[in-house]
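Visitor: Each of the two chains sits in its own frame; use the hints to bring them together as a complex.
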Amino acid sequence: MDWHGHSFAFKLRIDVEHVEAQRYTGDYRLTKVAVVNLLDLLAELDVKLSFCVLGITAEMFPNLIADIVDAGHEVYGHGMYHEPAFQGRPLNEQRHEMRRMRDSIASACGVQVQGIGCPHHGMADEHTLQAAAEMGITYVESRIRDTEAIVPQWHTVEGTDLKVLVPGGQNRGASDYTDRRPFWAEKHEEAFSPTYARQKWMADIDWAKENGLMAGLVVHPWMLMINAGEVQVVKDVIRYAKDEGAWFATVKGLIELA
Amino acid sequence: MAKKLRVGIIGAVSSYSLHYAQALNGLPDVDFVGMTYLGRDPKYIRDALNLPWLTKYPKTIEGYAETFGVPVYESVEELVEQGKPDALCICTEDYLREKYAMLTVGLGMHVFLPKPFAKSREEAERIFGAAKEKGLIAMPDLPQRFRPLWATAMDVVLGGAIGRPISGHFAMAHHLTLGGWKSDTSMAAGPEIEVGFYAFDAMRMLMQSEPVRVTGVGDNLDHRGIPYIDTGKCLVTCANGALASVDLVFSMHHPFPPARSAYVIGDEGALAIVGNEIEVHTPDGVEKRDVPTWNHTERELGAWLDVCQGGGDPLPMQEEGLRTLDLILAYKKSHETGETILLGEREA
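Chains A and B are the protein sequences, given in the same order.
Each residue of the first sequence is one higher than the one before, starting from 1 at the first, in the working numbering.
Each residue of the second sequence is one higher than the one before, starting from 1 at the first, in the working numbering.
The set of hints was computed from the structure by calculation and includes no laboratory data.
Even for Gly, the Cβ is constructed at its ideal location relative to N, Cα and C.
Wrong hints could be hidden among the right ones.
Covered stretches of chain A (in silico footprint by chain B; criterion: 3 or more residues with CB under 8 Å from a CB of chain B, positions within the stretch not fixed) [to be verified]:
(1) 52-59
(2) 80-88
Taking beta-carbon pairs under 10 Å as the criterion, some of the chain B residues facing chain A (in silico) [to be verified]:
(3) Arg46
(4) Asp47
(5) His174
(6) Leu176
(7) Leu178
(8) Gly179
(9) Gly180
(10) Asp184
(11) Thr185
(12) Ser186
(13) Asp222
(14) Arg224
(15) Ile226
(16) Pro227
Chain B with its partners taken away, still in its complex shape (with noise of 0.2 Å):
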């Protein structure tokens, strides 16, 4: 049997650091050992999480420590001589993920990077090569490969249900996330590579054919004054000739779900995401598949601490996070350009 991973959280101005939390508590063989605030003050740490899916969650350090029933420490190297963990996970603002992962790796941990993971390839892979160069796991998160829904879509893509992908709409419906650190564009990656996590990432996922070609438009049509976009389009070729459309919609005040949709048709059938239900269309009818039920975020953890354990290789995961990295980018810069970006095949 596996020895127990210690397992700490660096940053606590994330939502992660409390999603992590939750989840670590929750998985068998890990020993959460605490959290690091880094010295950061009790209102910037409450402004950061004050967001409305985290209303359940504490705002303070005191209540994380009775929450999650764990010491809290005023900085890394205290929770490191204290807490003794093998593995970190980065919970801090975007633009010192790679900072706090560096040192993670330097100080012989291995590490857990939420999305956004990296703002840049070249940030992704000197953490990944340092990571490897000291025979440690760094792991990118990319949530929806552990989401029962898209898991479960991707399951009937790669069982051959709807045959070969030819044509796809990935639309995701997301707030601007403001407030705290993240109004600082400074300090957050920006909505297109936090959300782009997301629906790029479920492209690739059901697409099965990686991007050449991407064409993008963003504009800010009912958030003027704020630095981000608030609308994003993405026509997207793939190496196969299979076409796909990716929707970022972050301008809406009222609820509107068939904006968090998508499709994928096939030569030989079709699949359907509406809200949380997967609809395969065959010549034979229409099925509904049963989404099962589980955590994803500590399936997500717990894949990542297996593979720490001795069992599996980082690389193809890393891989599968740089090739979101570099669609979600050439997006980026298509609609700051207005060019088309090609995109080279690369080897996994």
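Okay, chain A solo, but in the shape it has when bound (with noise of 0.2 Å):
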């Protein structure tokens, strides 16, 4: 497999979203102090990432998601409000949040996004896939994926002659958590361990290195805050990924190797 010139890949997620460091910490600044910080962090360590923003974040923090652009980085949406999650619930509602997203973001930062990562881990169904190709979003990374395949592969929306590219299910990913939300998105989390952490981010770039495949980290700006240890960790994994000689993953180089 061939990632871009690299024998395999890492995609590092950053979500953009204002309304957890509000809902988990009570400060919704917090996430612009963060990704300020990690944008200078990027920068020492000459990374460009992939960042995932909230729409209403885009609203909230213009500024913010321009700088995230002028550094050189990829934008694509997290949905507009974060709340509820898009699974389950009327394509009439999903499509209005995905234009509103779309459009947020576009006017932010001038750039159409052509990807959207759905929040609460994936949680997604077909509407979600129908609402984002209605607007022109082509990948769509959600628990709904192709099994069998490493890269994106196209979806048929059902009921529909709707196309969209959804994410390889060989690959494999993991988050960064908190015991601020224990019960959050159908998963118990624990408390942030820089320890274990460091170990199974980096065994997953080792998975990837040896299998050839992708490994996936989702990194939440707020959570930078507040989980002690945990801007290392982030700084260690970019290195060892860096050192390794992974492609650091964006949609828009994803959408090319479909």
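Guide: Following this line, the structure appears as structure tokens:
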């Protein structure tokens, strides 16, 4: 597998979502501070990542989203409001949210997003795929995957002629976590452990390298402000992925591989 | 002939930092002597000014100096020492306006406060009181009173063309102003106060009777996650029994001009404002009133400076500002608590 000239891929996704900072820490402003600090850190590490931006955060902090793009990183969508999850909602609601997300991000930074990373650990359904396709969004990162595939595959939306790309299911992914939200998105989360997270995330990179596949990691900037030790772990993991020769996957790059 | 007044600006992070600079340069009896940016970071200034209606203006202090032909200073002290102003406009973040207004008055200078000029009556009264004690002029910004459209509409009502206003509706469409410090609820006054000085002051101007009973609702219906309301409605009973409604529309993402409109029904006629036009309806028919053209910012700052030169009394405009602020805060309290707020009649 040729990952844009690399033997394996690492997709580090940064979820920019001030509403979650508000919900779990009581201060939505943490997101802004954390993203600004993270941009500085990424510049120092000389790495470009993929930022998954909530539409309402693009409206709240338009300059911040423009700064992400100006720093050379990719921006794609994370839904409009974060709550509730897409899955199970009527098509017209999902369509409204998808349109608002697309337009809010475009208004903040001039980017027409090509993809969406569905919130709530990817809880989505066929309506989500249809709404995305109708809004010109090509790539939908959710629990709907092509289990046999490595790279994204075209998926025909049920009952329509519309098609979107869904991720290959042969890869693996992880997320940072915190005991501030113990029962979030159907998962129980324990207190963040820098030692365990470092081992696990680096092991995922090793696995991807050994198998020529892609390892994923979702990082929440607001957690960098409350999880003691996470900043250093993220730094170490990025350096490790770079040193091991990973392609830092982007939505654009994944679409090109489809 | 009165001597030219030397006027400066405190703060580089408000639309008014730019609009007032332009206006001061256009006023004949004014020397615009400079602006202090209070040591704000260049990016902080750029983010604060990165607003759709400011595209033609500079976003850097260097650009500011070049565009407006004035020195820019890092601190108030430098502005005062080198610019030797007689008066200052406070164009800081909302939460710092009282601090710098009091500093200005303390240094013996007149002060102009753009809207929202205060977040509470007490705050405004502290500023006005301090200025009065020192024989200085502190003036609150009430922009509608100087806009040709609304000033003409008020002339129509005062001229008796529609009789006694008995019912009115005032709708103001405005986007939620976000970005830079406006996204921080501890720094920005919020949309009710920011836009209320348009809609609620227009109501008071045209209804010609003070509000005494205020019932408001407000919610965030399409901007969930942003800690402000995006839709507000208010019902007002005036002292003479007239009824008015105010709509605050912050929820639009597409052009919808009718959301910015107003009408006043009188017992002998009616007045309608749609877009930039005024229609007067009487038993004789419908007449369009010409709306003159002038720069409302120059006119408002000019009026303040005339008073500073001894040409009037600041108390009436201060009182108007306080009454409009009372009404806005009553609306805010009503929609936050679900209660109807009663306002006592105050003597001017």
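Visitor: When the hints from earlier in the document are held up against this structure, which numbers fail?
Guide: Hint 5 alone not satisfied by this model.
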